[in-house]
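Q: Here are the chains, one letter per residue:
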Amino acid sequence: MKVHMALPLTVALFAISATTTLAHHSFASEYDADKSVELKGVVTRVEWTNPHARFYVDVKDENGQVTNWNLELASPNVLVRQGWKRTSLQVGDQVTVNAAMAKDGSSMANARTVVLADGRRVFAGSGSTSGNQ
Amino acid sequence: MKTRFVCVGALALLLFAVSLLAQTTPAGQTNPQAPFRAGSPALLGPPTPTGATPRLPNGKPDLAGVWSGGGPVGDLADGLAKGDTIPLLPEAKRVMDARQSKDDPEANCLPTGIPRIAPYPWRIVQTPTHIFFLFEGNIHSYRQIFMDGRKHPDDPDPTWYGHSIGKWEDDTLVVDTVGFNDKFWFDFRGHPHTEKLHTIERYTRTDLGHLENKVTIDDPGAYSRPFTVTFTARLRPNEELMEYICQENNQDVKHLTGPARRP
Numbered sequence: 001m002k003v004h005m006a007l008p009l010t011v012a013l014f015a016i017s018a019t020t021t022l023a024h025h026s027f028a029s030e031y032d033a034d035k036s037v038e039l040k041g042v043v044t045r046v047e048w049t050n051p052h053a054r055f056y057v058d059v060k061d062e063n064g065q066v067t068n069w070n071l072e073l074a075s076p077n078v079l080v081r082q083g084w085k086r087t088s089l090q091v092g093d094q095v096t097v098n099a100a101m102a103k104d105g106s107s108m109a110n111a112r113t114v115v116l117a118d119g120r121r122v123f124a125g126s127g128s129t130s131g132n133q
Numbered sequence: 001m002k003t004r005f006v007c008v009g010a011l012a013l014l015l016f017a018v019s020l021l022a023q024t025t026p027a028g029q030t031n032p033q034a035p036f037r038a039g040s041p042a043l044l045g046p047p048t049p050t051g052a053t054p055r056l057p058n059g060k061p062d063l064a065g066v067w068s069g070g071g072p073v074g075d076l077a078d079g080l081a082k083g084d085t086i087p088l089l090p091e092a093k094r095v096m097d098a099r100q101s102k103d104d105p106e107a108n109c110l111p112t113g114i115p116r117i118a119p120y121p122w123r124i125v126q127t128p129t130h131i132f133f134l135f136e137g138n139i140h141s142y143r144q145i146f147m148d149g150r151k152h153p154d155d156p157d158p159t160w161y162g163h164s165i166g167k168w169e170d171d172t173l174v175v176d177t178v179g180f181n182d183k184f185w186f187d188f189r190g191h192p193h194t195e196k197l198h199t200i201e202r203y204t205r206t207d208l209g210h211l212e213n214k215v216t217i218d219d220p221g222a223y224s225r226p227f228t229v230t231f232t233a234r235l236r237p238n239e240e241l242m243e244y245i246c247q248e249n250n251q252d253v254k255h256l257t258g259p260a261r262r263p
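Line by line, the protein sequences are chains A and B. When we follow our numbering, the leftmost residue of the first sequence carries the number 1, and every step to the right adds one. When we follow our numbering, the leftmost residue of the second sequence carries the number 1, and every step to the right adds one.
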């Protein structure tokens, strides 16, 4: 049985409204904060690793072509402190991801929110910039 | 009345959040009208506690605890006093202007050096002979400050954190450090330094929840005069450090583009 955590409302509000970035690199050097993308697809892989947790999603375009997107989250430590677990998102999950696209044109993005098919929100506020924010 | 005010505030925040979440587009489409800003949840959490500065049995301030911040992250200039400027020498400015974000040691999972701080928690451990700064990130490393009265070595080998000796001046811990290498950057902007760098950090726990770090940077190789920046760390109560091995899966560097810049 898959276990998904409900995101506490207060954390969601903070994560969404905060403007500072958090990562080990300059967020603005890697992602375009003004270039949002919404991706719908199936999770193919989850990496619960540093400096960023990542997950990969197969997204089918209008012509049926499938692209595997590499989506960056915060570090596992940041996510755990928000209440997430390594099992919060699993291979096979149908997700809708709102993310900031990589500037170099690759199929890579920084996930802002991750919502499951049934509406449950599993990750939000990657806070991935800065500095290793 | 008070309850009603809180409820209205919470509702306003909720509506704000929902309005941001609503700014999405059809699958695969970009929307330049939907600004995205990454949050900083690791620096959030419970409110910073208030109260008197805790003290050791010998009367000195107890600096122990898990802290966030206390040094530059995005831009060293953030810590300047109003009206002050960073006195970059021309050659140092050339070095800084040429720096590319992909070359930032921190992005490459190398240490921050001093006084840069990573946006991750760190812990101070005090013993009679040493004070240790234990860093969760970046990298999973530590500083050691000798409190036994020793002097700096005559010719220390250059290192990322240098050679640090500390002493108390009233309620302020003064940490004097030399022996730096020139590899680390002071911030995401890429403020440089040379092996001539000498830092004097003055740590004052102004109350239970705040630790002020007033650091003087003296590097005649890169700056025309010593200057001082001030940053304040916040206590993270009931927090523990967690493992953070940056080298494990660092995919970012090859995607970093353009000149060094703040986040």
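Certain hints may be false.
[Stated by the list, open to error] According to the in silico footprint, chain A covers these stretches of chain B (three or more CB under 8 Å from chain A): (1) 99–107; (2) 161–173; (3) 198–205; (4) 248–256.
[To be verified] A few chain A residues that face chain B, going by a derived Cβ cut-off under 7 Å, partial list only: (5) 24; (6) 29; (7) 30; (8) 44; (9) 48; (10) 50; (11) 58; (12) 63; (13) 64; (14) 68; (15) 102; (16) 103; (17) 105; (18) 107; (19) 118.
Hints were generated in silico from the structure; no laboratory data involved. Bear in mind that the values here come from a model prediction, so they are computed numbers and not experimental data. All residues carry an ideal CB built from backbone N, CA and C; glycine is no exception.
Q: Now tell me, hint by hint, if it's right for this structure.
A: Now for the hints, and whether the structure bears them out:
no.	hint	in the structure
1	99–107	holds (count 5)
2	161–173	violated (count 0)
3	198–205	violated (count 0)
4	248–256	holds (count 8)
5	24	holds (5 Å)
6	29	holds (4 Å)
7	30	holds (5 Å)
8	44	violated (16 Å)
9	48	violated (9 Å)
10	50	holds (5 Å)
11	58	violated (12 Å)
12	63	violated (11 Å)
13	64	violated (13 Å)
14	68	violated (13 Å)
15	102	holds (5 Å)
16	103	holds (5 Å)
17	105	violated (10 Å)
18	107	violated (11 Å)
19	118	violated (17 Å)
The structure does not agree with the numbered hints 2, 3, 8, 9, 11, 12, 13, 14, 17, 18, 19 stated previously, though it agrees with the rest.
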